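Protein chains: 2
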Amino acid sequence: MPYDLWYWPGLPGRGEFIRLTLEAAGLAYRDRGVEEGAEALLADMRKGSRLPFAPPYLRAEGQAIAQVANILHWLTERHDLAPEADRIWLNQLQLTISDMAAEVHNVHHPVAMMAYYHEQKPEAARAAAQFREERIPKFLGYFEDAVEGRDWMAGGRWSPVDTSLFQLVAGLRYMFPRRMAAVEGDYPALIALHDRVTTLPGIAAYLDSDRRQAFNEDGIFRHYPELDAE
Amino acid sequence: MPYDLWYWPGLPGRGEFIRLTLEAAGLAYRDRGVEEGAEALLADMRKGSRLPFAPPYLRAEGQAIAQVANILHWLTERHDLAPEADRIWLNQLQLTISDMAAEVHNVHHPVAMMAYYHEQKPEAARAAAQFREERIPKFLGYFEDAVEGRDWMAGGRWSPVDTSLFQLVAGLRYMFPRRMAAVEGDYPALIALHDRVTTLPGIAAYLDSDRRQAFNEDGIFRHYPELDAE
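Taken in sequence, the protein lines are chains A and B.
So for the first sequence, UniProt numbering puts the first residue at 1; every next one is plus one.
So for the second sequence, UniProt numbering puts the first residue at 1; every next one is plus one.
It should be emphasised that the hints constitute simulated quantities derived from the structure, not laboratory data.
This structure is a prediction, so every number in the text was calculated from the model and none was measured.
Careful, some of the hints might be misleading.
No copy labels: a pair is met if it fits in one copy or bridges any two.
Claimed, not checked - Dumping the calculated DSBU-like pairs for lysine-lysine here, alpha-carbon to alpha-carbon at most 30 Å:
(1) Lys-121 to Lys-47
(2) Lys-138 to Lys-47
(3) Lys-138 to Lys-121
Here chain A stands alone, though its shape is the one from the complex (with noise of 0.2 Å):
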């Protein structure tokens, strides 16, 4: 039976973590609320009981199991995704992803998380430039060392880390084109990863197809050209 996939329709946000995973694994599911909806949505999240706080979620057996990395891990042991002696340091650095990607959706949203971009923009602006001159080489940095000398991160195979840090990299050079651009060559191992990523057959398939959520100004990562520089 196919996995229910569940999250806001027209973004890739956070969900789109977990559907590059479900795609690189060759697992069915369907894409619930780009097929029904918002509203949709937000009547099954109220469904049932242990709710979710937020998409995505995935419903499986009855139950809704949602947050990015709890999602990962639990798709990672029940279809061994990853060694099981690599599964705590993998769930460690997509738990620094979700991080890094809370920040991201920091810098558009600093003194207000539910307000709009516009209506915070001097502070987006400072927030902006702390994100590309300070966080970005800490997280990219660390990334890097941690995939050096290796094709995957872990175990020799793809893992939901290796899709996850290719669309950190993918959604990055689209919020941030002049900054990534002049910084990319410090993280050559993490670029070849995101390389990588993209020739796994499941993943080529999937860029390939209607089913990629396209980048836009109400995902996560958000290109506002004031906001970037080298």
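Starting from the known structure of chain A, fit chain B onto it as the hints suggest.
Quick look at chain B alone, frame taken from chain A:
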């Protein structure tokens, strides 16, 4: 052999979520950062492979295990701190607690994660208002619904999510005493859980010891009276 916990000395921060679980479970540990200081911590963090991105981390069997939810999930599996069937749900809740803690940190550092509060006070005032008015009810209402009708979050016994929710409530009370006094009545099951955690023998002994790390303005939960309001 005791666990080695490494975290910044002088503040409860994210390390406190780990301490509370170790203390509640009666697991022996050395609080290395507190005992040896920040320089020793920074030196230790660079040892070995598979390095942490940031403290807290536990050293066990030669590996460094980092990220709060990852550490707690690992301890849960290793020491049976929750029934197996509940672990995915508990990990999901722990990650939601981590999300709220990150938003708490953001209140004091809205536009520059690595700069001081006094460098971003107007922005922090705006972030605090939104956090008090919108995010506290959203998160605490969610945790209230999750624990309502139960003594403990899952499995009929305490688990790391319970001690983490204790710390979350205690931290919010320290941070926003006026706001919390005004809204606590809406979350009776959550407050009862907070109180119940203090009666666990390991926690009662810990809170009464000098090992307990007091809240202060270096931690995640900070009390700046100008940011509080009912």
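These are the hints, each one checked on the structure:
1. Lys-121 to Lys-47: neither (37 Å within a copy, 41 Å between copies)
2. Lys-138 to Lys-47: The answer is between: 18 Å across copies meets 30 Å, while 41 Å in one copy does not.
3. Lys-138 to Lys-121: both (24 Å within a copy, 25 Å between copies)
The structure shown violates just one earlier hint, number 1.
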